[in-house]
Amino acid sequence: MAEAAPAVALLGITKRFPGLVANDSIDLDVRAGEIHALLGENGAGKSTLMNILTGIYQPDGGEIRMGGVRVRFASAADAIAAGIGMVHQHFKLIRAFTVAENIHLGWGETPFAVSAPTMEARTRALAETFGLDVRPEARVEDLSAGEQQRVEILRVLARGARVLILDEPTAVLTPGESARLLENLRAYAAAGRAVIFISHKLDEVLAVADRITVLRAGKCVATLEAAHCDKARLARLMVGRDLAPPARGRRARAVGEVLLALDGVSAQDDRGVPALRDVSLQLRAGEILAIAGVAGNGQRELTEVVTGLRRVSAGSIRLGGEAMAGCGPAAFLEAGVGHIPEDRLRTALAPSLGVAENAVLRGYFRPPCTRGGWFSPAGARGLARRIVGEAQVFVPNLRVPIRNLSGGNQQRLVARREMAVATRLLVAAYPTRGLDIGAIETLLRFIGEARDRGVGVLLISEELDEVLRVADRVAVLFKGRVMGVFPAAEADGERLGLLMGGQAEAA
Amino acid sequence: MNTLTRRGFGALALAAAAKPARANDFPAIKPEDAVIAFGHVGPVSDEGWTYTHHQGLLAVKAAFPAARYLEVESIPYSADATRTFRQFVAQGANIVFLSSEYGDLLYPVSNRAPQTAWLECDGHTMGSNHGIYYVKHWMPSYIAGVAAGLMSKSGRLGYIGSMAVPTTYAGVNAFLMGAQSVKPQATMQVILINAWFDPQGAAQAGTALIDNGADVLLGAMDEAAYLQVAEKRGVPAVMWNSDGLRKYGPKSYVTAITLDWRQFYIDQTRARLEGRWQPSKVLLGLGAGVDVAPWGDSVPDPVRRQADAVRAKMLAGWPPFVGEIRDASGRVRVAKGQTMSDDMFYACDWTIQGVSGLHAT
Amino acid sequence: MRLRRVASVGVWGIIVSRVASVVVALGIGGVAFALCGYDVGRLAGDVVSASFGNLFGIEDLGLLWSPLMLTGLAAAVALRIGLWNIGGEGQFYAGAIAATLVGLHVQAPLWVALALMAVAGFAGGAAWIAVPAAARAFWAVDEIITTLLLNFVAALLVGYLCTGPMRDPHQAVTAASAHIPYEIPPLLDDLHWGFAVSVALVGVVALLLGRSVWGYEVRVAGSNGRAAFYAGMPVRVRLMQVFLLSGGLAGVAGMLEVAGTVHRLQGGISNNFGYLGIMVAALAGASPLGVLPASLLLAVLLNAGIVLQSYGVSNYAVLALTGLVLFCAAVGERLAYLRLRPAA
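First to last, the protein sequences are chains A, B and C.
Each residue of the first sequence is one higher than the one before, starting from 1 at the first, in my numbering.
Each residue of the second sequence is one higher than the one before, starting from 1001 at the first, in my numbering.
Each residue of the third sequence is one higher than the one before, starting from 2001 at the first, in my numbering.
There are no misleading hints in this set.
Which stretches of chain A does chain C cover? Using the computed rule of at least three CB atoms under 8 Å from a CB of chain C, they are: (1) 320-333; (2) 338-346; (3) 352-360.
Note that these hints are calculated values from the structure, not bench results.
Every value quoted in this text rests on a predicted model; they were computed, and no experiment measured them.
Using N, Cα and C, we set each Cβ at its ideal position, and we do this for glycine too.
When you get a sec, could you build the whole thing from the sequences and use the hints?
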């Protein structure tokens, strides 16, 4: 078949940052009608490359062609006008606006005179067209991460991009939603558009992509037909070495006493709507209890009530036999509860402060951060250096504002910090989100080690693989209720999927 | 300029070791070496109080063109005033005219600059290098009060004042005494707006007074805002400071208490330059620094004649403020047959019967 | 050569950008003066010699510097926890009122009386911000509006007190309270010990914010209140404390002005120090130590204003110049993140 010019071609793209070559002469061509996956570890250069394609960065070398014609994007607006749309990993929504307002913001097709009902109706129609479940009238700040991402995707799709870039789009979607999204992407490609799909999930990539380009350390390692690939080969290309086979390693052993007991707990979300309904759960010391479920079904509220961030409206929470309902975060911290929250930059970090000040956020009130009642910057730096080292976060110095770190590095830092806090209980919400394969393995190993030390782990996750791999028991949340709790060994994807979809187990 | 600064510094150094100042601390100066300073409370463009003092400066300048002049406008009643006065000294001022009472804000500087002659308008404390001066504004106020009394149908007068200070008490009393001399039942409602220059506040006060039944407005504001209100509402108004305000309400304008500092400023400056300046307390009298402006269009001929006759009598020595005068509480302040002295007006803190909105302190 | 953004700027970068901004602003101002026909070199020389070349100038500078230091510190402290205290003016007045009441009605040895006045000044300023503080901490009411509006209430209250219950009948044109019998002893002629107190307070607050656990909590809460809550910090308590400290510092500024400089309560005593303090804090980048040079700069400009006025320059020109400095500092702050690098 005669090759038409690719929809987008990046030729020899080079981008340098001080002390770093982020993209080293990278070639990438994406044809109309194909889904092209971009694989790579954190820091491999994927984000930089996409920032160049979307006009946010100017390349130091190389050129961009669309349909064979050389283009230059002086700004993001140029790229959007040329038909390039990107769904970012970090949401770019206005939190105080409704979904409908965000969809219509800065959009040429927004009617001159708009009312809220009009915008909501238009949004609802768009959502149906693209098969994305959004509530047009809801405020973005009230949405879960998963819901927000659906808005992001809808926003770009609505603008009719010819080239659609998705940066880990399924990270916060449920399996059902992911499947539906992938279907939509295929339809989108079939309609003659090009899709660039950035992901860590090899299964997904293999399932959806036509071709796969692997980046490593700023270089293009290979571009392969998906049909000729397998997971092991891709992982090897990405990491540059063979990975140890994932250790299922759930050893038979006596779990400890009941550590955390929730009895009839109900709580409301920020809008005052019941989010947890009569939840009863028990977690034993030395056990990993995974909470599976579609984002927005009470997971956030559950993590918040067991860390003191949210009051319960009914029920009791006992930690090691002690009643904790009504206690604040300080009491939970004191009791040895570590918490890796869902939205780390919003909840667990002070963005404008330095790495050191953030690393000691949960231990600032005791030595070495204090000396004679005063805060000791030197002591804090010492502790921070250790945490940063253990987390394998590389920063030029500890004064760099934490917001300047990549999402993956922020996540590693928070995770390490909270593991140190969690002498009894670790509450981890989506702890592997945004991490590359290597880092995920390390993190899951750390969680396993914590469990082995007798720490109880409450793991919130949507990655069924992950859940089944590390958890001892699995509970499924749907609309704030516990749909069932069972040993992970008895769980399988199908059973979990049904429960996550609200289908009660046959008695 | 640098020599002047150094001189200022020298004066300070002297001051540090100075004994109490004596009269011969003010030796003669050649006009070309003299530094003459004017500190104004408002902007010279106000067409009112500060404008009249600026006219004084222009007259002094015409008389002694060789001298160096310093002029600072809008000096607030705050520590900034002290800073400004210090700056005058630092620049070597030989004589300083201040168009308002700065009191405590002035003494720390005047005490440390004994070779500078200070003149404080409406001041109340004298010092060895510190004179005070003002106008007997109660004299023309009485004449204007006569006209206002004759022109008022209801006998209810309105007064827009700044603060409860002696000038306000004196003005209110003199206006109303004049009005009551022709209309014994006349009363006066006072609204204080807590500022000498606040066009918006003055306009609001004027409107309120008219709404409340006043059919002649009087006051002591540095600008013309209540005259414009009076013009719009068709009510006669008596102004302060200068005849130049007439154009803002030609139909309503009755007259103004006009101020003329020119001769006084020239005299004081000449005395200082010739080495014979002494601190003194001066109250400029009717026809000699303070007067009524020519009558406005709204004033009928009979009123003009009657008020002019009163002025002529006063110039001939007739005392209008003769007892018995009782204050608002009924207490006798001036016994029958006695005349209310200028000093009583200058330090007045009570009102006569018929005044509302201004209370004795 | 191409311009590039860098992620973070060190302390020196900030200092260089600030100094450059001020130089640029003064340069623009100088060009404007020159176009108006002034001899800029002579004006500048006179301003410098009048500000630093004689005792009066140095005293004046100190008397302007110390209240600006404290109102700037008040605004800066609030900014560290993410609050805009626009009410420094009102708190200054409130502190002055409270200190005057104590000074007029308490009989005690000088130092005891001054200490009581200082406590009263702090309490007055803190009380004046208490309602906006509680409204912000407990009901999330925007503190910008509430603190700002209370400024007008405070100014009117001073006007009422000085013309009414507290009026000194011996004062004529100026409405003012009676003379307060306690005066802060001089440090250098008219410059009183309040200056040293102000500098000491800056040091204490800098130490508190940078080196205390309390200060760490305040900084975290200022950067992300939710993270502070997550870390177990009593965020509302810290908000209230910072508010009260901020108001109290502005109140102490009012007390020092009353007890050291003016010796009476009167309208206009605040001299806009409360509002200028916001500018100081902005110039200082909300750093307590940065408040020292920022308030000095403003003091020099205000002092220059008085010198320039005696040359017939309108005081509005000086106001415009201070605005220009702030504008340039804001631009400079952004530009500090740009670096010129050779292209590829």
